[in-house]
Amino acid sequence: MKFKILLIIFFINLNINLHANELVEESKIHKNLRCLVCQGQSIADSNSDFALTLKMVVKDLIDQGKTEKEIYSFLSDKYGDWILYKPKINLGNFLLWGIPYLALIVGGVIIVFLIRKSSKKA
Amino acid sequence: MQKIIKSIIVLLFIFVLLVFYNSLYRETNYSTDYLVGNKLAKINLKSFDDNKIYTSEDFKKSRYTLINFWASWCAPCRVEHPYLMQLSKEKNLRILGVNFKDKKINASKFLNELGNPYYYMAKDTKGKQSVNFGIFGIPESILINNDTIVLKKFIGPLNEQNLNDIKKIINSL
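Protein sequences, first through last, are from chains A and B.
Each residue of the first sequence is one higher than the one before, starting from 844 at the first, in the working numbering.
Each residue of the second sequence is one higher than the one before, starting from 120 at the first, in the working numbering.
Worth flagging that the hints you see were computed from the coordinates, not collected in a lab.
As the structure is a computational prediction, the values presented were derived from the model and not from experiment.
None of the hints are false.
In the BS3-like style, the derived pairs of lysine-lysine whose C-alpha atoms are separated by at most 30 Å in a straight line are: (1) B:LYS179 x A:LYS921; (2) A:LYS898 x A:LYS871; (3) A:LYS874 x B:LYS158; (4) A:LYS898 x B:LYS222; (5) B:LYS165 x B:LYS271; (6) B:LYS208 x B:LYS165; (7) A:LYS929 x B:LYS247; (8) A:LYS909 x B:LYS171; (9) B:LYS158 x A:LYS902; (10) A:LYS929 x B:LYS158; (11) B:LYS165 x B:LYS222; (12) A:LYS871 x B:LYS220.
Covered, in the sense of this in silico footprint (three residues per stretch, anywhere, with C-beta under 8 Å from a C-beta of chain A), are these stretches of chain B: (13) 241-248; (14) 251-261.
Built from N, CA and C at the ideal position, the CB exists for glycine as well.
Put together the whole structure using the sequences plus the hints.
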């Protein structure tokens, strides 16, 4: 009897956990999708007709077993990279992705140089 | 080394200026130009009377198809309707009307009142199919050839200029 109860609790818990994971993933995807008919809002923040439709489509794609990456790829095929808040790296935006790292390296070199210079003076 | 640092700062300043200058002339509105030349994949639309499913194969029968997303509750759809009626007379073109998030009775009333320009009639009750076509509002129209390659996309109601553009494309050969 105890074993049966434990088994039931295990399956209920498993179901809740699986559902929670799905919710987390869904809301994460919603936050990265731009609502094309709103002013600077993601579909997570919007109740527009378009946002509601996209939420349904995202849910369907998750139910079909698509990964987050595949969902972004599907939607950017249909609406372009503009629909993604975090677009893929391409020729048009590689500077956007690369400059922070470049700035970090150049900044590091400058700081090292200044420290060395000041220590030499001392 | 100080010279190098100064050069880097100057270069950085010039770069930032260039980025701002470039942004002044950049189109910031959502554009669907990238869709032109793409092939529409996985067309799977339920016919208006639930009798049939339209797929890419159906659009191979005509040289050109204009896919028009419309609804009876959409006021701009009334504005573009006379242009669709004119286009329905073109020999090289068939029009597929996708009734979007609408009630069948209202859609039928709309067509009885204004005329039916559609060769094929499909419906997208929940609006999910429209995502496959990159639709984000209605009315929107997509001109495709018999290989389902997008030739032009029209956002908003069709106008005189769009009508002429479509006629020019479908009568070009």
